[in-house]
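**Q** Quick note, the sequences are listed as chains A and B, same order. Heads up: the first sequence begins at 2 in this note's numbering, then just goes up one per residue. Heads up: the second sequence begins at -7 in this note's numbering, then just goes up one per residue.
Honestly, the hints are just simulated from the structure, not real lab data. Built from N, CA and C at the ideal position, the CB exists for glycine as well. Treat the hints with care, as some may be off.
Computed footprint of chain A on chain B, listed as stretches where at least three residues anywhere in the stretch have a Cβ under 8 Å from a Cβ of chain A [what the hints assert, rightly or not]:
no., stretch
1, 265 to 272
2, 281 to 295
Here are the in silico distance ranges between beta carbons for each label pair [unchecked claim]:
no., chain 1, residue 1, chain 2, residue 2, range
3, A, Arg105, B, Asn204, 39 to 45 Å
4, B, Gly59, A, Asp134, 55 to 61 Å
5, B, Arg55, A, Asp134, 41 to 47 Å
6, B, Trp60, A, Arg105, 38 to 44 Å
7, A, Gly168, B, Trp60, 52 to 58 Å
8, A, Pro172, B, Leu117, 44 to 50 Å
9, B, Ala164, A, Gln113, 43 to 49 Å
10, A, Leu76, B, Val181, 29 to 35 Å
11, A, Gly168, B, Gly59, 50 to 56 Å
12, A, Ala232, B, Asn204, 38 to 44 Å
13, B, Trp60, A, Gln113, 58 to 64 Å
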Amino acid sequence: MSDMIEIRNLTKRYDGAVAVEDVSFTVESGQIAALVGTSGSGKTTLLRMINRLVEPTSGQVLIDGEDSHSLPGYLLRRRIGYAIQGHGLFPHRTVAQNIATVPRLLGWSADQIRDRVDELLNLFQLDPDAFRDRMPHELSGGQQQRVGVARALAAKPDLLLMDEPFGALDPVIRAKAQDDLRHIQRQLGTTLILVTHDMEEAVTLGDRIAVMDKGRLVQYGPPSEILTAPATPFVRDLIGMRERPFHLLSLTPAHAIATEGEAPGAPIARDASLREALAECLWSGRSAVPVEGGGIVTLAALQAHAAPTARAAE
Amino acid sequence: MGRLDRPGLLFALIGLAGLALPLVQFKPNRIVLGEGVALWSALPWGLPLAVVLAAVLVGGCWRIGAGWRLAAALAALVALVLALGASAGHLTPPDNTLARVSPATGFWLATLAFALMLADAITRLRPSLAMRWLLLGLAIGLVVAALASGIVDGISVMREYEARRDIFLREARAHLLLAFGSLGLALLVGLPLGVALYQARGLRRPVLSVLNILQTVPSLALFGIMIPIFGWIAANVPGAAQAGVAGIGVFPALVALFLYSLLPVVSNTLTGLNGVNPATREAATGLGLTRVQVLSSVLVPLALPVLLAAVRIVLVQNIGLAVIAGLIGGGGFGTFVFQGLNQTAMDLVLLGALPTIALALVAGIALDLLVEATSRRPKGA
């Protein structure tokens, strides 16, 4: 895979105070990178330097090998999707007008824009005829969030930046929104960099996790590596001792460790995570659950997978 | 009975006091103080009318439907104006051109009472926005019709008008020029200044403080200060006098009104822009709108109701303040007010004051309706 985004020695100082200090990492095309950290860790500043809402003090961002400074900032931003917490929809514009913002700026024809708006509304499970002409305040929180992401994707950007995109949603809607985002991202092949303070969200969504602390990048790697080999005490604290095994289990789908055999009771979905399999075992008092499409997952296998040693051996 | 209507009770007290006091003043000529004449002695049909009007006022103390209230108040106002006009013809001897009949305390109080009753009834009916525009148009139409029909031509104010028809039109134009011209200038300078202060946080305090001080200078003092300053400039700066700069006249009046308008325009622009949800602004920039596009297609449309509120404040304020321009030769309705004060001719004062009040009322109501129409959309979100 090609390197879509390469961040080189990016630094931002405000009047001598360091916000981001010498951060470098790359994100491969079509992957999701989650920037995690406490508030004030510099993760949002880092994100905003990628589309130059914040100009770096020093360092470079290469997008497909091209320096982000080869374009004026506003033209660069029209090529990069951007969605934020609280969606930021324009309250005086309809849903369709909101989604059409960037295509309109790029001078698409009216027909092209209309087709694209309908396509996106369908993609986000919003009936175009019912939602096209609504105003943002007439939507629920989850619908507003989806329109905000649809607007960010309208001009088919290769790169999408998201700042706490699910921060304003309640937990039930959030889980569904994360699922949908993951699904749509895989379908479109968009590279995604998202900022979150929630390690669970980072583990659920990220192909790579970048942990930020006091403006520095303290660890960058796949979720399993972050969970099993935290680079500093700060990373370990961020993961949370009590949550570690469950995060780890949530990374693997049930079918991946299914073994031959028979187990009683209702089966779980092939793509259900091991965490869900464990919950099902505990709740129904079974020592194994069947997986849809054949095979079973046993409590012993789950136990083996919830420990870091098992990972290291893989 | 327990069905007493409190506002109605208040209107009745004011109105009954008005009916008891003299309706008009009869004066042998325009300068001397005249004697008051009550409604029942001013007209042959004065007594029955007084009884009917009193009945309407007393009836309004009970909770009757707002529709009835509105109709009764409107009819009473029309009747009062008709009575005023008719009393002039009845009281003035046929061949006397010096005698004057002018509205007195009773007329104004009774008019106030019925006007309040009318406004109260309209509020209770909760008319739609379109209906309120229609009502405003209707009210203007009724006043114009009453003036044009000639029924009040015998009243002293109208006779002052008759003697100054041409000057009146000229001063009306001057007044409108002062009020709208200063508003235009204030918007031209104040909107960009407000936007600049929105972007440059550090400048806000010093600039707003200066504007605040300007706003605090009493209007007469400000007009006074202008005279020597602009007089000096006109005399000493080449070309200034030719460009219209002068110590007295329209120029200093316009400048003073403009200075008074700056604070409301600038501070409302700032408030309106600051009221836009930061997430909305952030998203606009993040999606690739240029600075100008963020301003023109997101910030200004969302701040529009607050901007229109500034226009309302400034327009109503300047229509009133423009009267003082009459003192320094700036023209406008103030000319009549100050002439009238000098000559102790109260009718002439009214000729300046009444159109000023009417203008301010119409401008205020019209802009209120406009503000409401634009803020129907939800804010923030």
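**Q** For a quick check of understanding: which of the numbered hints are violated here, in increasing order?
**A** Violated: hints 4, 6, 9, 12.
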